[in-house]
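Student: Residues per chain are reported as follows:
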Amino acid sequence: MNCVLLFPIILPFITAAAALWLKTDLKRQQQISLLGALLHCGAALFLLSTVSRGGMIAMQVGNWPAPFGITLAADHLSVILVAVTGILGLAVVVYSRSEIQAHVLEGGYHPLMQILIGGVCGAFLTGDLFNLYVWFEVMLMASFGLLVLGREQMQYDGGVKYVMLNLFSTLLFITGIGLLYGMTGTLNMADLHHAVATVPDKGLLTAVAAVFMTAFGIKAGLFPLFFWLPVSYHTPPVAVSAILAGLLTKVGVYAMIRLFTLVFIFDIAWTHGVLLIAAIFTMVVGVLGAAAGNDFRRILSFHIISQVGYMVLGLALFTPLALTGAIFYLLHHMIVKANLFLISGAARRAGGSFALGSLGGLYKNNGWLALLFFIPAFSLAGFPPLSGFWAKMLIIRAGLEIHAYFAAAVAVAVGLLTTYSMTKLWGEAFWKPRPADASAEDGDVLQRPDIGMLLPIAVLAGLTLFIGLMPGPFISMAEKAAFELTHPEIYVNAVMGIVP
Amino acid sequence: MEVVLSLLCGIMAAVSIYLMLSGNLIRFIFGLVIATNAVNLLIFVAGGLSEIRPPLIAENAEFPTTPMANALPQALILTAIVIGFALLTFIFILFYKTYQSLGTVDAESMRVSEPLNLYQNPDQNQYDPHHRQISEKLFPEQAKAGTS
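First to last, the sequence lines map onto chains A and B. Residues 0 to 499 in numbering that gives the first Met the number 0 are what the first sequence lists, from first letter to last. Residues 0 to 147 in numbering that gives the first Met the number 0 are what the second sequence lists, from first letter to last.
It is possible that part of the hints are untrue.
Output of the computed footprint for chain A on chain B, the stretches with three or more beta carbons under 8 Å from beta carbons of chain A [as the list claims (entries may be wrong)]:
(1) 19-28
(2) 41-55
(3) 77-83
(4) 91-102
Only some residues are given here: those of chain B computed to face chain A with a beta carbon under 8 Å [to be verified]:
(5) Val32
(6) Thr35
(7) Val111
No wet-lab data here; the hints were simulated from the structure. Backbone N, C-alpha and C define an ideal beta-carbon position, used for all residues, glycine too.
Chain B with its partners taken away, still in its complex shape (with noise of 0.2 Å):
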């Protein structure tokens, strides 16, 4: 079970890690999606398999008499899970704010934090014809004051 539950583990992260490479930010929620779950079921292998009993003590006990499951792995995985989904709200929101706000969702073409003409000289991403396009097709204002 331990060796089977593993692959599936190694092959979400592989899945995610695709998907969270491939620059689109659409793609990179559900990277982040499929990595979350990927992470919850590694805690809950890494934390040991095992067909004993639940860790549930009789009525009336202090102390369980046989050996039960070790809870703490599930109750860390419910902590992941809720910040998980904290997480992924507020990403939802924020991708969404960024594709109203910048008109794309390729994490390659937002250059507006980091502009390409390095302030001063503002013709210079004239030799870069790749990002000259996806800027002027962006911000058509801007360059055309860069070129003026």
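The following block holds chain A by itself, in its conformation from the complex (with noise of 0.2 Å):
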């Protein structure tokens, strides 16, 4: 039974075989992924439905017990996020179909979005610390040729940049495993909880832990690690940046959580207090780069950076609300930031660029994409009743409880601002007149984005306004993951395979 597991990984690599197969017969290879697309949803909201059910699962790869072999397992954090990567991997391939050009899809586009989907399910699902570098390195490799497909001078210049830092970051990760591993003799994340704790030098530990903090922290866009970021999101097909937004970064964001739940727990006033102050810095320092941008996807990319502050600050406060909050906030901004990147492709193709400048008029000749740019854009900002509301509520909540009235002022301050950017996206590419001299580039014809883009945009705003007014069975989902996290013994007992 515990075999689900394995389906969500397994299918985009079957997938991607399989495309990689009919790649001289675009449109067929188009039909596979979609079809895998859409089994692998599938599979990961079943594998959602059956851990919210039955509770947490484990598995051991070729029965190899425990502590030897490599462990797969799912908490409730680690299957939230597999749904919404299989949402989010099943809108983007949909929404690839009218958008991504024949050079790029006979690069090998579409097999690449399906390794990087099945590597960030990976990672999300592994329970061993060395098969999460694998992981890394599956959908980092996917994700590198994504960004340079294209082969425009921007995206080698951003491709070179990004390559570069996160190459550097899973270096720093490989050195964390090799120290760790020195001192505990484990890699299994259930087994290091224990191993840990058993180590007499902690501050060489935490050193150890620092190391990490600073990978993860690059790959997350933590302050002040996150300058690759803004240099390659805007430069991909829109498609492209979606996933990258919706995913990567998220991927370090939990493998953060993880790791600071379970193994370095030991002195938590150091670690998460660093976290904390790195929290707070991302926060500002993203938000008001994206102030300060003027094309749409890179004020985009500077939200990002400012939203998964508001994650980490969630984590580094380290109650349950927080981590409650920590992973709403995920959930939300995941759907909420893949949605945004899509809607900027489709308001390209509206209005012929992404520079603010040449932007204008949306709202009076689209309507409909003005609408669905209002749902995800000031769900981000956090108005009520749309689903960044309740995240960010959480968050300045939990931060009240533990009197840490800084970082929740902030919170707030940080919240204004990004209605301020948001207002700015709003005010510049959907109200302001079209401007007359705009043409659009590269000789595109202005036209109206077809359904193929709308679809999934609508359905992803529709998850949004629907987690907004029903928050209640998706926060406690988050509860229990909270729950999870803040009891490690929990997974330990269910990866080592004891019964309480």
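Assemble the dimeric complex from its two separately framed chains, guided by the hints.
Tutor: Quick look at the structure:
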């Protein structure tokens, strides 16, 4: 029964292989990719329902017992993220049908996209630190490829910087793995939970924790390690931007949440104190970058950084409520952010550019698009009753509860600034009349976004609205996940096969 | 032995970071190669060096009878080497294509995705003569368009 865990990882790779096999027949390749994404989404949602009904499940690959073999483990946090990955994967694959050009498809767009999705799910579900490293590499390789498939100057420029900093981060990650293995003799995360307690020299262990923090901080886009993100995320095709924005930094946040609730919890005052400071700077710097931006996608990229700050703030406060908030934030943010990138693509098709200076009049000419933008944009800014409001409220309330007034105040202020930059996007791209001298870039003809673009946008916006109006089930799911995170013995027992 | 290898690790890491920070893509590749090897060596040292038997058990036996070396660090290093190779080939090709497309291997002068002229005001970078020179050298058409 526990093999349901495998499907969200294996299915994308099967699809990728099939898509590679059909690489001369682009039409059929697209259909296979769509079918694969559909099945993957189904498998991910099935896993979610299995775990939310029956509790956490774990599986030992190849039947090697826990600390020796590779473990796959699905607790609530993992399955929520896998389910969102499934939904986003499907939305983006549908969207790519209308957006991705032939030369990108010929470069192997669909196989890479599926490998990326598979790698992300693997990272969410693995229970072994070295295996996590391997999944990181899988998804990084796929993302490197996707970034530069269009072979534009801008993409090479962004891609080079992205590759440099991310490779450095994986080097730090594996350095940490080597040192941790030397100290504890195990890399199974559940086993590490106990093994870490027996290490005599806690100072060295804290140093290793800092190595991991830096490695995941680069991935997640924490201040001051985020510089690869605003250089690269606005360069690839919109579908690629959307999937990178929705998933990749969140894998860094996930890895951080996992390790700093399960393994590195012996010196919370220090490790989580550093995270708290980093989170506050991340929120502020990210939103200031967004407020200064003039390009649709660059503004959105800076928002990712600022929002990652909120999630890490939830982790740093380290109370059950704060973790609930962080997880709910992840869930809300992945959907909203991917959707906003998809909308930027539709706005480019309708307005001919990503630069706010040459956009305008979208509200008048594309009313539906304006409405669809309004929902995720103001959800991100935290307007009630949209999903971002609940996410921000949980985090701020958690901050107030433990008297972290300064952090809570910063979170509120950053929310206001987010609203400011969203109204800027709204005013420039949608409300302002279309500038007279604006012409479409690259000789594109201005056209209405077709149904293949609008459908995924509408579905994701509907989901945001649904989460906003009915937050109860989602918050209670995040609460369960936070409960598991604050009681690590649940994870350890499930992985080690101990019946409590 | 541990001390010697640890020192070597440290020196390699220092060299690699110096190379990676130099802002030249070719030097970055060399830095990356050295850094990968430094990390592999680090796993090897951290995994524990010992002068005991290799982890092979006698024929027909099910359990080792004498203490044996831990094989896991080597398995980790092997995986890391393979992944490192794949990344290295990708990086070679990416940097070569970048050089073909942008005409430079200097990361500082790559400014296409983050232009200094901030979209609406193409004249803004005239206050920064250094970058102006670079961008004129790199993209003569764009520089002309910016001044006109």
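Student: All hints, please: hold or fail.
Tutor: Against the structure, the hints come out as follows:
{"no.": "1", "hint": "19-28", "verdict": "holds (count 3)"}
{"no.": "2", "hint": "41-55", "verdict": "holds (count 6)"}
{"no.": "3", "hint": "77-83", "verdict": "holds (count 3)"}
{"no.": "4", "hint": "91-102", "verdict": "holds (count 6)"}
{"no.": "5", "hint": "Val32", "verdict": "11 Å, violated"}
{"no.": "6", "hint": "Thr35", "verdict": "7 Å, holds"}
{"no.": "7", "hint": "Val111", "verdict": "4 Å, holds"}
Hint 5 from the list above is the single one not met by this structure.
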